[in-house]
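Q: Given the sequences, and given the hints that come with them, work out the whole structure.
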Amino acid sequence: MQHKRTPMQNFLLLYLPLFVMLLFLLFPFYWTFVTSIKPEAELYGSVVTYWPHNLTFESYRKLFVDFNFLKPMGNSFVVAIITTLITLTVSMLASYSFSRFRFAGRKAFMVLFLTNNMFPTVLLLIPLYAIMRSMGLLYTPASLVLSYATFTIPFSVWLLNGFINDLPLSLEEAAMVDGCNRAQAFTRIIFPVLVPCLVATGVYIFMTSWNEYTFAVMFTNERNRTIPVALKNLIGQLGVQWDLLTAGGIITIIPVCIMFFFAQKRLVEGLTAGAVKG
Amino acid sequence: MQRKKTNIWPYLLITPAVLIIIAVVLVPALNAILMSFQSYDLRRPSSIGFVGLSNYIDVLQDKLFWASLWRTILWVVFGVGFQFVFGFILANFLNKSFRGRGVVRAVSLIPWVTPGVLIGLMWRWIYDGSYGVLNDLLMKVGLIHEPIAFLAQESTVMPSVILTIIWQGIPFFALMLLAGLQGVPGELYEAADIDGATGFQKLFRITIPAIKNTIFVTTLLRIIWVANSVDVIFNMTGGGPAYASQTLSVYVFNKANALNLGYSSTMSLLLTFLLLLVAIPYLKNMFANQEA
Amino acid sequence: MKRKKVLALTLALAMAVTSFAGCAKQPAASSSAAGSQAAGGEPVTITHWYWADSSDYSAKMKEIVEDFNKSNKSNITVKAEEYPWDGGAYSENLFNAVMGGGGPDTAAWKLTATPLFTANNLLANLDDYVAKWEKKDDIDQNIYNIMKQAGGSDKLYVMPWNIQVLYVYYRPSIFKKAGVEVPKTYEEFLEAIKKTTMDTNGDGKTDVYGFGMRGAKGGQEPWGSFIYGRGGSFENLTSPESVQGMQDFIDLYKNGYVPPTATQDGFNEIIANFKSGKTAMTIHHTGSSKGMVETFGDDVAAFPFPKGKGQWTSMGDTENVIFEASKNKDAAFEWVSYLAAGEGQEKWCKITGNVPVSKTVQELPEFKDDKFMKASIEGQSYAGIIPIKDTTTEWISTIWPNTVASALSGKESAADAMKTLQEGLYGKK
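Protein chains in written order, with numbering that gives the first Met the number 0: chain L, 0 to 277; chain B, 0 to 291; chain V, 0 to 428.
Some hints could be false.
Label pairs and their calculated CB-CB ranges [said to hold, decoys possible]:
#	chain 1	residue 1	chain 2	residue 2	range
1	B	L25	V	K61	35 to 45 angstroms
2	B	L52	L	E57	26 to 36 angstroms
3	B	G141	L	G73	41 to 51 angstroms
4	B	S46	V	K183	45 to 55 angstroms
Below, in silico cross-link-like pairs of lysine-lysine (DSSO-like), each with a Cα-Cα straight-line distance of 30 angstroms or less [to be verified]:
#	chain 1	residue 1	chain 2	residue 2
5	V	K346	L	K70
6	V	K176	L	K61
7	L	K61	V	K289
8	L	K61	V	K59
9	V	K154	V	K358
10	B	K139	V	K204
11	B	K62	V	K289
12	V	K349	V	K134
13	V	K253	B	K139
14	B	K95	L	K264
15	L	K61	V	K346
16	L	K61	V	K154
17	V	K134	L	K61
18	V	K370	V	K134
19	V	K183	V	K358
20	V	K216	V	K194
21	B	K62	V	K367
22	V	K69	V	K349
23	B	K211	L	K264
24	V	K204	V	K410
25	V	K253	V	K418
26	L	K264	B	K201
27	L	K70	V	K78
28	V	K193	V	K308
29	B	K201	B	K62
30	L	K106	B	K283
31	V	K61	L	K70
32	V	K427	B	K62
33	B	K62	V	K418
34	L	K70	V	K69
35	B	K62	V	K346
36	V	K388	B	K62
37	V	K59	L	K70
38	V	K370	V	K388
39	V	K193	V	K176
40	V	K147	V	K373
Treat the hints as calculated values from the structure; they're not laboratory data. Yeah, the Cβ is synthetic: ideal placement off N, Cα and C, and Gly gets one too.
A: Structure below.
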């Protein structure tokens, strides 16, 4: 892909389509932001305004001062990060096993993992609640971590399995010929190459735990509420509190984006990072 | 390369994953399967009991079930199809080096980061027939002269919710495929450049084959995920108007909320079965490739 | 690989903990230890679940709880937990928790959920508590009766809290422009809707619609008034009168007297349309009056839904219940009765604008002199609730909106739609 392109070609083939796509992806976000700083009268005005005539940051003040929105954010972070770490570790082991070993029951387990996520969670709620209660996990972050792990592990195993299958076998074989054992081959060769895939899968796990509502509303109480529940509390019978809801949305989106900005640097490592020597 | 003698390593490695899953879903899942053979309506607990296949017969005779199934097919085919195409294009862009790439990568994840609660409401607000920005934009451009009540008409509601799910899913594909692309050895492209291959040739001969497994797996997982997703449609339309946006998963959700768990278990088992049918060609292909 | 060992160990540990905990069934997570005798110095903690329709209500609830905790003489501490209303899924979440063996001691309530919970024997019977309660006559017997009806027996499971009565909001300035008076009969009301539908700037498009119709979830309440206006009833939705009422509803939509978005308009939209001047009338209760006055000042007023052959308006409700599993029912009753007739009643109704159930509170000047409250209290005599069957929640959340939408769009005739609605509520014949 290293053709020398003229700036014009570059513009037409890269920047323009990229710009259009970003416009589509980001416009709703922009609109959320604008809504969060509009006074209500302007929201339902006869003219749609693309930038508010009267700015108000009242909703942000309210969220932080009156609502202590940092608390659900903290709770969400804790749950999402712990889930991500556990799921990633467990799934990496399992997917490596599925990808590199042939053993009896392998296909059956893989199919079982896949079916796990085909079944809607609403139908599992009552028994799950009872299980969490009998384990004594109800109303603790652990209940969320456990349920999110259950529903992210199968997908993550499959994702990582797909990634590992795309990695040439020759890499490890070479290492094992050189006298590494399998574990060493994994940590020295596969793991570094897998980093971008782990980052991507980690993002998937993080997002899933970050945005989940159904379990969160059942398994938490006010002490450990997560963001989706806190946001949903802003929608009552008397309608949506647009200002607070959108402001809450903006506040939750931004830190995750910043986090990802740092994480994405890892995305370019892998093969290029020098794991391949020959 | 594998030795044929039994090896306990592979089993040890999958044990943690299997244990966590069994601890949490085994009982509820078995319970759900049992419920599908019962008249299990918690609104009428006194009449709970085994009824054989009668739930299945009822479901298969339910016109709404078939209509919802058809909409699920549209929802998945168009939803996942476009997510993939745009996600793939975006992944390729994001894989090139240009100034500000890090920021672009981070912000293009925004649809995915947005809490599900907010997505439905925000898009509902954008589509709004009276104050919606989409109508305003289309009118400013001159494409339409009168606002369209996108979510209030049976003809426009399905395309509208599909557009939303496309929006939401592009970052997933972009990110996963971008990660997959990192594993493609650069030498392959250099060799192709020397042979004078065109961009398209490189795409179909190098890029796609190299990340084939990733493509398989991500589309399969996404199909399952989208087919089961409820919150976008539920928050936007609740499945209406006149059931015009009710997919099977929304139907299951509505029935489960009405606490007719027998009926909704039956429908979701059928949905699971259909998804497995969809998965079979994927699985065959994948397993066949690996044995080779 | 060290990591693997650590992992195996962690897992083994987790499994061990799990199996131990599995044996030792804990008491309902919410209630503190036994001791149902709350009186005396023995401290008691009860958990209460509620939802809040706005952030102000949420703050007020916390204040009421705090006041109660300070002022009660039985050493009761209420721990209030806010749950999302979630379009009514509040009740299902509550149900799932209580069925799963957890859940609170008391909870804020909607009557429609009652059959589901009583069928599963989850609610505590309140008859004895109320019989002993010194303030029991502060609440009208009629209200107790409605609570009993909802449970499907002559036992009381639900403690009244407050009600809302729907009435018609209108804009006097638009009425004046259109030259209409406040309608006295159902026919005049329909006429007023037509007349107030106007093209104010002469571009050939309607700018003001006569009526803000609610076609999405929740719309069954104002819709019921049309059915009764023609002499129909919920008991027989397929009678010619009921079908005629439905036809009126459809005609309003087809002839463009209501916004074209009506099939998906919920609370948000009807209020927004009214506030932005897009509609001349809409139907809601006092819960939105504060916002209306903020927007329009004097240019908003109310009248009770007028009488045709029949007359009906919807009574919205919020109550409290005590769960059978609660270990501290005496304390729980003290709390819910504080909300029903004590300070809690007054404070809550003041902020929500809901109609109090306590006669003493109704007599307070803030309530007696408010023009919207007046329309509510006038409507009280013919206000009712949709028949509460075990099918009602499903009927409200999916069957009604979808069926009415298909009738509005002309896919189904009024008679067919009414047949579907009748069967949805009462089962197939």
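Q: Of the hints given before, which are not true for this structure?
A: Structure breaks hints 2, 6, 11, 16, 17, 21, 29, 35 and 38.
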